[in-house]
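K.L.:
If you read the sequences in order, they're chains V and B. 1 is the number of the first residue of the first sequence in UniProt numbering; add one for each residue after it. 1 is the number of the first residue of the second sequence in UniProt numbering; add one for each residue after it.
Any given hint could turn out to be false.
For lysine-lysine, the following BS3-like pairs were computed, each having C-alpha atoms within a straight-line distance of at most 27 Å [claimed, not checked]:
hint	chain 1	residue 1	chain 2	residue 2
1	B	Lys229	B	Lys131
2	V	Lys13	B	Lys70
3	B	Lys61	V	Lys35
4	V	Lys51	B	Lys131
5	B	Lys41	B	Lys59
6	B	Lys110	V	Lys13
The following residues of chain B were derived to be distant from chain V, with all beta-carbon distances above 12 Å [claimed, not checked]:
hint	residue
7	Gly64
8	Asn147
9	Cys181
Looking from chain B toward chain V, a few residues come up when the C-beta cut is under 10 Å (computed) [unchecked claim]:
hint	residue
10	Leu83
11	Leu173
12	Ile231
13	Gly233
Since the hints were derived computationally from the structure, they do not count as laboratory data. For glycine and all other residues, C-beta sits at the position ideal for the given N, C-alpha and C.
The lines below spell out each chain.
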Amino acid sequence: MALSNTIYNTFIKRNFIFVGTIFVSAFAFEIIFDKTTDRIWNGINKGRQWKDIRHRYVQEE
Amino acid sequence: MQCFRALPTALRTAVAPKAATAAFSTVQARQQASAYDNVYKSPFVSSGQSTTKIPDFSKYKSSGSPTGNKVFGYFMAGTMGVLSAAGAKATVQDFLVNMSASADVLAMAKVEVDLANIPEGKNVIIKWRGKPVFIRHRTPSEIEEANSVKVESLRDPQQDADRVQKPEWLVMLGICTHLGCVPIGEAGDYGGWFCPCHGSHYDISGRIRRGPAPLNLEIPQYEITEDDKLIVG
């Protein structure tokens, strides 16, 4: 129960820290969520996107 | 016989009200006494035991610590806050991105011109956002001429230095400030531009000198890079 006490006293006891933690977590969550969904999307559409077939049409100079 | 039978009835009727009052008053007194006892005696309970059965909630009682339960509750509420904050931000962002200029508009917004291809003393007209832009490579004598004009005497007083970034390159919107015609280059009384619609004369700095136009030709936002490239926009 020491852990839950620590969590409670660190993050929840003061409201502004609680709300701040929520916003920071939302920021981090959004990045992770976007990256994950993008990776899933790119995995599903592998070989069909411009960045996958670009080398066939554009010669780097 | 009849009279004898009638008598008790009359007697009874005479006596009965008195007895009834007596009975009522005793009931009242008893009720008053019980009120002073301050205990409610239900007439339906004979034994005086309580019939209320309080259920046993101990089965539902948490075995964990109160802090742990609190942390769990706040964690769930906080998680919902996190998800809704991220969702709200994404929604607002989608609307704002939708309102901003799209890629094709942005691609049209800037025009790049290689100034090295424009010889001295020549005009070039390019199209920028659907409007003509005049670029003139001015000769030294033209620059001198533009600077020698008495600015105070002009309709729209403006120094030549305020209208150009580099004196040899004059860049301006080719739209007459009168009614929006496109002036003709290297024409007019002042060696600059002449608007054929209503006869406005602009000098070599694009300033209005004669005719109905109220203002000098407009200068768009532009920059000249190190390697003599002009970027309008």
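K.L.:
Which numbered hints are broken by the structure, listed smallest first?
P.N.:
Hints 3, 4, 5, 6, 7, 11, 12, 13 contradicted; others consistent.
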